[in-house]
Structures are given as C-alpha cells and as structure tokens.
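S.K.: Sequence:
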Amino acid sequence: MSLVPVPVCSGCGQVAAVSISCSTCCLLCCATCFGLTSSDFGGGARLLSLLSVRVCSMCSEPVPLTAPEQVEASPAVVPDEGATDSTEVSEEVPTAPSSNPEQTPTPAISESEAPSTAADKGIIGKDDQVRVPEPVVVKRERCWIHGKDLKLFCLQCDECICGECFLDAGGHMRHQIDFVEAVYKEKRAETERKLAALDEKVKHLKQDVVQVVKNLEIVEVAERDVLGEIEAVCEEAKEGIARLTGQRKRVLKIQAELPAKKQKLNEVLTQMVEKLPPEEFFKQQPQVEKQCDEISQCIPVSTFQPVEFEDIGW
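Here the sequence shown is numbered in the UniProt record's numbering, starting from 1 and rising by one per residue.
In case anyone wonders, no lab produced these hints; they're calculated from the structure. Small disclaimer: the values here were computed from a predicted structure and weren't measured. Please note: incorrect hints may appear among the correct ones.
[Said to hold, decoys possible] Here are the computed lysine-lysine pairs in the DSS-like style, where the Cα-Cα straight-line distance is at most 25 Å:
| hint | residue 1 | residue 2 |
| --- | --- | --- |
| 1 | K148 | K185 |
| 2 | K290 | K262 |
| 3 | K253 | K238 |
| 4 | K249 | K261 |
| 5 | K262 | K283 |
| 6 | K253 | K275 |
| 7 | K264 | K275 |
| 8 | K253 | K290 |
| 9 | K206 | K194 |
| 10 | K238 | K261 |
| 11 | K275 | K290 |
| 12 | K206 | K185 |
| 13 | K206 | K187 |
| 14 | K238 | K249 |
| 15 | K264 | K290 |
| 16 | K261 | K290 |
| 17 | K194 | K214 |
| 18 | K201 | K214 |
| 19 | K283 | K264 |
| 20 | K203 | K214 |
| 21 | K264 | K253 |
| 22 | K249 | K264 |
| 23 | K148 | K187 |
[Said to hold, decoys possible] If you anchor each label on the Cβ, the simulated ranges turn out as follows:
| hint | residue 1 | residue 2 | range |
| --- | --- | --- | --- |
| 24 | R188 | V210 | 45 to 53 Å |
| 25 | V210 | L155 | 29 to 37 Å |
| 26 | V251 | M272 | 25 to 33 Å |
Yeah, the Cβ is synthetic: ideal placement off N, Cα and C, and Gly gets one too.
Sequences and hints are given; from them, build the entire structure.
M.R.: Written out as structure tokens, the structure is:
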C-alpha cells in the first residue's frame, strides 16, 4: 500500500484538482477560494493571466506579476482604490511591492491621457512613482512535446516548459513555476553580481601580484648572488688544486721522460766509445761517467710507487 500526497484547499478543506499557492500567505487554495472563475481555465492564453495573479482573495493587497509582453501591449494604468478583484489584475501594470501597507494607490489614468510611446511611459512612471519593468528579450524555443513556446520555467525541475506541460497532471502542475523572462532576468542579475564580485577580487589580486613580482625579483637576485659565491669558491678551489698539483706534475713529467733520455744518452756514449781513438777516449771518459752518475741519481726507486689521492696534499 502506497500513500499519494493530495493537495487540500486551506479555505474549504476539500480536495482540489488544481491547487494554487498564494505568494503572501503561502497557503494552497482551490480555484474558487483563490478568487478565480471558471472562465480563467480557458486555455494556454488564459493560463498566463492565471499565473500573473499570485495572491489569493483572502489577502488584502494582491500584488500582480504581469508578463513583460503584457506591459508592452497595454498602456500604463495604475490600479484604482476599489479594484480588489483578482480576475482584473491581469489587465493592470505591475507595481513595485511596497513595504508600507497604508499607502493609497494613485488614481487611474484615462485612455486619452495614456502615453503612446515608451518614453512617455517612463516619464509617467517616474512622476507617479510607478516602476514599469523593462522587457527582457529571450530567444523563444518551442516545446518538443507540444510544439508551443517555452514561456514558463519550472523552478523545481530547473527547465523551461510550455503551458501544456504545466497543465499536464503528471508533470509540473504542483511544481513552483514562473515566467522565463523573470527567471532569466533574476539569474542573469545574480551572475552579473558574481562576476562583479570576481572582478573586485581580481582587482585586489592584481595589487597583491605587485608584491609577488617584487618577491620574485628578490629571490632571483639572491639566487644569482649565491651562484656567484659558489662559482667564486669553485674557482678558488681550482686554483688551490692547481698550485698543489703543479709541482708534483712537473717532477713526475721529468721522471717520466728520464728513461727516454737515458736510452738516448746510452746510444750517444756507445757511439763515442766505439769511434773515439784511445787518446780521445781517455779525455772524454770523466765527462761520460759523470753524466751516467747524474742520470742514475735522478731516478730513486721509491718515487715510482703508486700515488694516492691523499698524497697530493688536499
């Protein structure tokens, strides 16, 4: 067994096939208690007039919400003091909601004195303190089910619907709906406010970025200074290593060349001994023996041991 919620009229207490929520007292009423007649259900055209009245007959001050198309089609008329019937609200120009409940309405304007242009409407509205909402042009699209213009917006489903979609019992009848133009204008204003707030934040961010750029320059200068110090230390270390190893390298190079020099000297001495006559040999012998002793003394056996890294003197 499943329970299905059924709307009950808050006025007569009966089950209502069509229930309308009052925007003032927030109560669900049937069409009779809401103040509508049977002629108000004559089709999609009358549905817009039905939706324009969002205040029930039990509330003292109905606030009509007329579509922007009706504002352009009808002259600016201010509701009379005695006009309290909700069925006549669809022919009136919407007024801004007043916070003072005791404010008396302005007398109605005759047809001959009604403004004929949009500029005249604005002047009359400014003088009488009646704000005429600017029409919002929205690109119309047709319903893919019923083929009618999507003039309504379901706030619960967050999608555009047509009048037939609203009248469909299994669709959006019990959902909260509004005109597409009104929702579009409200959501667009909300988006523009968010963009303005974002622009303000970006403006402050630009001021902070100036300091960020300065900090970046400071870091780059510090990096260059540290790298310069590291390079200077490296150059100094290289020069120290070169001084420590220079003398050792010169000695090792001389020792590396000694075998070749000794071999060449042996060859020269051998040729001299073989070719010199005895008298000349006796004269050159002391000099030859001296050179042999010098070569032998320059090659000590201990210097040819392997050199370790610690021997360099670092």
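S.K.: Does each hint hold? Answer for all of them.
M.R.: Structure-based check of each hint:
no., hint, result
1, K148 / K185, "holds, 22 Å"
2, K290 / K262, "holds, 13 Å"
3, K253 / K238, "holds, 21 Å"
4, K249 / K261, "holds, 18 Å"
5, K262 / K283, "holds, 22 Å"
6, K253 / K275, "violated, 34 Å"
7, K264 / K275, "holds, 17 Å"
8, K253 / K290, "holds, 23 Å"
9, K206 / K194, "holds, 18 Å"
10, K238 / K261, "violated, 33 Å"
11, K275 / K290, "holds, 20 Å"
12, K206 / K185, "violated, 31 Å"
13, K206 / K187, "violated, 28 Å"
14, K238 / K249, "holds, 15 Å"
15, K264 / K290, "holds, 16 Å"
16, K261 / K290, "holds, 15 Å"
17, K194 / K214, "violated, 30 Å"
18, K201 / K214, "holds, 20 Å"
19, K283 / K264, "holds, 21 Å"
20, K203 / K214, "holds, 18 Å"
21, K264 / K253, "holds, 17 Å"
22, K249 / K264, "holds, 23 Å"
23, K148 / K187, "holds, 23 Å"
24, R188 / V210: 45 to 53 Å, "violated, 34 Å"
25, V210 / L155: 29 to 37 Å, "violated, 45 Å"
26, V251 / M272: 25 to 33 Å, "holds, 30 Å"
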